[in-house]
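Colleague: The listed protein sequences correspond, in order, to chains P and B. Residues -16 to 189 in this note's numbering are what the first sequence spells out, letter by letter. Residues 36 to 228 in this note's numbering are what the second sequence spells out, letter by letter.
Just so you know, these hints were derived from the structure itself, not from any lab. Hints should not be assumed to be uniformly reliable.
Per the computed footprint, the stretches of chain B lying under chain P, defined by three or more beta-carbons under 8 angstroms from a beta-carbon of chain P, are [stated by the list, open to error]:
id	segment
1	72 to 79
2	90 to 102
3	158 to 168
4	182 to 191
5	212 to 222
Computed cross-link-like contacts, EDC-like style, restricted to lysine to aspartate or glutamate with a CA-CA straight-line distance of at most 16 angstroms [what the hints assert, rightly or not]:
id	chain 1	residue 1	chain 2	residue 2
6	B	K208	P	E(-12)
7	B	K208	P	D(-5)
8	B	K102	P	E19
9	B	K208	B	D192
10	B	K208	B	E195
11	B	K208	P	D(-9)
12	B	K102	P	E21
13	B	K178	B	D157
14	B	K102	B	E68
To give an idea of the interface, some chain P residues facing chain B are shown, with a C-beta separation under 7 angstroms as derived from the structure [said to hold, decoys possible]:
id	residue
15	I(-10)
16	D(-9)
17	E(-4)
18	E(-3)
19	I(-2)
20	A1
21	L2
22	V4
23	P6
24	P8
25	L10
26	V11
27	I14
28	R17
29	V18
30	V23
Quick reminder that beta carbons are idealized off the backbone N, C-alpha and C, glycines included.
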Amino acid sequence: MRDDEMIDVALDEEIAQALSVDPSPELVSRIRRRVETERVSNLWAASWLSWTLAASGAVVAGAMAFAVARHGGAAAGSVPPLVAHTIPYATVDLALEVPSWRGATVLVVRVGGGTRDTGLAFAPASARPEPRATSRAGSRPEILVDPREARAFRSLIDGVRSGRLDLTGLLDATKPAVMDLEPIRDIDIAPIEWPPLIGGEQGVPR
Amino acid sequence: MLDDAWLALMHEHAVPLPVGLVSRDSDLAQEFEARLIESSTLAFRIAFAVLRHREDAEDVAQEAFTKAYRHFRQLRERDRFRAWLVRTTWRLAMDRRRSDRRRINREGASVDLRPPEHTTVDQIAAHERADRLWHAIDALPDKLRVVVVLSGIQGHDLREVGALLGLAEGTVKSRMFAARRRLREQLQCVMTK
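Next comes chain P alone, as it looks inside the complex (with noise of 0.2 angstroms):
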């Protein structure tokens, strides 16, 4: 047992004499030049992370910003526009009965018709159109419709069909004024007069 101490006592003697080897002088000056290395390594990764975050904020940002614009421009232009909107080519043809200085006639609106036409025409009873609606949406270009010209032809439409409004001045004046026109006068015409010829024969140049 002594020598067991004894031998553990000279191990350690030995142990700690073979660990007892100092680094080189320089190592400390090393160490810290490779940690200001890497310093400066983060310090750059840094920046380049932050210059990083701050061009993707100012995308989104400005993606952000076009977004809002936009949907803003979107709800201001939710107000009815003056302009006309577009509806698909149409031709209708809508058959009124309405009483007249001749009877029963027909009024016929057309509205449509392959020009931005919008138009009244009469027709006798017996030559009544069957009201139709004719869509050539795709093979024709689409026509301009102002909703407030529409709103005005079915606010007209209806008026008529409910007596509210009457179309007799209106077709009064459709009718062919008489106009007084000028006695026909004589016409006084002077007589032609066609000089001789000269010289000798007919058609022979002198």
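Let chain P serve as the given structure and place chain B on it in line with the hints.
Modeller: Using the frame of chain P, we list chain B on its own:
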């Protein structure tokens, strides 16, 4: 009036902030410098105990301190730093030794363990003694070897070794006992000379 009060409030809070940040960074740098001066030899000796090569041991110590710098905000406490440094250096040195062995085996070379030329008989005997001692230490299991190495560095007692390894003092004591018994068995003939 409101603007003046607001500016005064901003000034009151804004001025100390950079100073505090700078002083905190400066404190960190000073603390790391203190740990570096205090523990560089410890890290080197741990690496040397595994590698027994000066340059390699210094490289490992550098690498360990570089890692420690990256995590220094969490390692500001002295005991915590030293324990972390010991374990990291040991692990790095073991990794390096394994890779060196693989390289040596791959290249078919062998480590030159011959004593330097032009030495006296005593020097040769001391070299052989140290060689057998290291051979015996290398033959120990890792958990016994690290206890032996740490107790042989800078006169650490069992409590300090336990603190460095995160072990109870009794555990360190039993491991030390087992390690010494194995070393005695292998080195008895040398130590009794």
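Colleague: If a hint holds in the structure, say so; if it doesn't, say that too.
Modeller: To see whether the hints hold, each was checked on the structure:
1. Three residues within the 8 angstroms Cβ limit are the bar, and the segment 72 to 79 of chain B against chain P gives 4, so the coverage statement holds.
2. Interface restraint, the segment 90 to 102 of chain B with chain P: holds (6 residues with C-beta to C-beta distance below 8 angstroms; minimum three).
3. Residues of the segment 158 to 168 of chain B with a Cβ under 8 angstroms from some Cβ of chain P number 3, which satisfies the need for three, so the listed coverage holds.
4. Under the rule that three or more residues need a Cβ within less than 8 angstroms of chain P, the assignment of the segment 182 to 191 of chain B holds, with 6 such residues.
5. Chain P is given as covering the segment 212 to 222 of chain B, and this holds because 4 residues of the stretch bring a CB closer than 8 angstroms to a CB of that chain, at least three being needed.
6. A distance of roughly 15 angstroms separates the Cα atoms of K208(B) and E(-12)(P); the hinted pair therefore holds under the 16 angstroms criterion.
7. At roughly 14 angstroms between alpha-carbon atoms, K208(B) and D(-5)(P) fall within 16 angstroms of each other, so this suggested pair holds.
8. With a C-alpha separation of about 12 angstroms, the suggested pair K102(B) and E19(P) falls inside the 16 angstroms cut-off, and the hint holds.
9. For a cut-off of 16 angstroms, the pair hint linking K208(B) to D192(B) stands: about 10 angstroms separates their Cα positions.
10. As the CA atoms of K208(B) and E195(B) are separated by approximately 11 angstroms, the hinted pair is consistent with the 16 angstroms bound.
11. Our distance criterion of 16 angstroms between C-alpha atoms is met by K208(B) and D(-9)(P), whose separation comes to about 14 angstroms.
12. In summary, the hint linking K102(B) to E21(P) is supported, as the alpha carbons are separated by about 10 angstroms, within the 16 angstroms threshold.
13. The suggested pairing of K178(B) with D157(B) is violated, with an alpha-carbon distance near 33 angstroms, which exceeds 16 angstroms.
14. In summary, the hint linking K102(B) to E68(B) is supported, as the alpha carbons are separated by about 14 angstroms, within the 16 angstroms threshold.
15. For I(-10)(P), the interface hint holds, since its Cβ comes within 7 angstroms of a Cβ in chain B; the closest pair sits about 5 angstroms apart.
16. For D(-9)(P), the suggested interface contact is upheld, since its CB lies about 5 angstroms from the closest CB of chain B, less than 7 angstroms.
17. Interface hint status for E(-4)(P): violated, as the beta-carbon distance to the closest one in chain B is roughly 9 angstroms, over 7 angstroms.
18. For E(-3)(P), the suggested interface contact is upheld, since its CB lies about 5 angstroms from the closest CB of chain B, less than 7 angstroms.
19. With a cut of 7 angstroms, the hint placing I(-2)(P) at the interface with chain B holds, because the nearest CB-to-CB distance is about 4 angstroms.
20. Because the smallest distance between the Cβ of A1(P) and any Cβ of chain B comes to about 6 angstroms, under 7 angstroms, the interface hint for this residue holds.
21. Because the closest C-beta pair between L2(P) and chain B is about 5 angstroms apart, less than 7 angstroms, the hint holds.
22. Hint status for V4(P): holds, given a least beta-carbon distance of 5 angstroms to chain B, under 7 angstroms.
23. Because the closest C-beta pair between P6(P) and chain B is about 4 angstroms apart, less than 7 angstroms, the hint holds.
24. For the restraint placing P8(P) at the interface with chain B, the shortest Cβ-Cβ distance is roughly 11 angstroms, beyond the 7 angstroms limit, so the hint is violated.
25. At its closest, the beta carbon of L10(P) sits 5 angstroms from a beta carbon of chain B; the interface hint therefore holds under the 7 angstroms criterion.
26. Interface restraint check for V11(P): the shortest CB-CB distance to chain B comes to about 5 angstroms, inside 7 angstroms, so the restraint holds.
27. At about 5 angstroms, the closest approach between the beta carbon of I14(P) and any beta carbon in chain B falls short of 7 angstroms, and the interface hint on this residue holds.
28. Taking 7 angstroms as the C-beta cut-off, the interface hint given for R17(P) holds, the closest approach to chain B being about 5 angstroms.
29. The beta carbon of V18(P) comes within 5 angstroms of a beta carbon in chain B, closer than 7 angstroms, and the hint placing it at the interface holds.
30. Using the Cβ-Cβ criterion of 7 angstroms, the hint placing V23(P) at the interface with chain B is not satisfied: the shortest such distance is roughly 12 angstroms.
Checked against the numbered hints above, the structure breaks hints 13, 17, 24, 30 and satisfies the rest.
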